[in-house]
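Participant: Sequence:
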Amino acid sequence: MYANSDCDITCHNVFEDLANLLLKSAFPVNCPLSFMHNLALDGLIAVIQGMGKRIGNSTLVLEQVPVVIEECTPFWTMKCEDYADPNYWVAFVRRRKYIKRMLMIGADHFNKIPKKGMEYLQGTHLLLDIQSVACFIEQSSSFG
Numbered sequence: 000m001y002a003n004s005d006c007d008i009t010c011h012n013v014f015e016d017l018a019n020l021l022l023k024s025a026f027p028v029n030c031p032l033s034f035m036h037n038l039a040l041d042g043l044i045a046v047i048q049g050m051g052k053r054i055g056n057s058t059l060v061l062e063q064v065p066v067v068i069e070e071c072t073p074f075w076t077m078k079c080e081d082y083a084d085p086n087y088w089v090a091f092v093r094r095r096k097y098i099k100r101m102l103m104i105g106a107d108h109f110n111k112i113p114k115k116g117m118e119y120l121q122g123t124h125l126l127l128d129i130q131s132v133a134c135f136i137e138q139s140s141s142f143g
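If you count the sequence shown from 1, position 137 lands on 136 in numbering that gives the first Met the number 0, and the numbers rise without skipping.
Please keep in mind that the hints were generated in silico from the structure rather than gathered at the bench. Treat the numbers as computed from the prediction; the structure is a model and nothing was measured. Careful: at least some of the hints might be erroneous.
Taking lysine-lysine pairs in the DSS-like style, the calculated list, with each CA pair at most 30 Å apart, reads [as the list claims (entries may be wrong)]:
(1) Lys-23 with Lys-111
(2) Lys-78 with Lys-96
(3) Lys-96 with Lys-111
(4) Lys-23 with Lys-52
(5) Lys-114 with Lys-96
(6) Lys-96 with Lys-23
(7) Lys-96 with Lys-115
(8) Lys-52 with Lys-78
(9) Lys-96 with Lys-52
Could you build the full structure based on these sequences and the hints that come with them?
Facilitator: And the structure:
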């Protein structure tokens, strides 16, 4: 769910929103513990256990290499070329999530002051030509 929704610029952050909802609902603030809080906690535990099962006893260790975009690449055409290789796939997903995060920040700036948003996105090397600007404007409605 994370790789298919949260890292895709055309989709909302479904996994992140679901985890945040479960986290907020699991712990009562100004009321006694109820059945609904228990269900939310069970859901949160299930999500964490599911992540643990997928990781398993894996010996694969991936470096936390920061994502750097040095030149404009057409982010709307990015495709993973080898889903079988975790070294390639994980780096691909991290890059997509980073680009989506930068586009969301740029969309926020753009909605406040359009010129500032465009300058930010050009500075991050995400928008340099007319096609990338058109794609950004077309996809920016999904960031809100």
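Participant: Indicate, hint by hint, whether the structure satisfies it.
Facilitator: Here's how the hints hold up against the structure:
no. : hint                : in the structure
1   : Lys-23 with Lys-111 : holds, 29 Å
2   : Lys-78 with Lys-96  : holds, 13 Å
3   : Lys-96 with Lys-111 : holds, 23 Å
4   : Lys-23 with Lys-52  : holds, 24 Å
5   : Lys-114 with Lys-96 : holds, 24 Å
6   : Lys-96 with Lys-23  : holds, 23 Å
7   : Lys-96 with Lys-115 : holds, 22 Å
8   : Lys-52 with Lys-78  : holds, 26 Å
9   : Lys-96 with Lys-52  : holds, 23 Å
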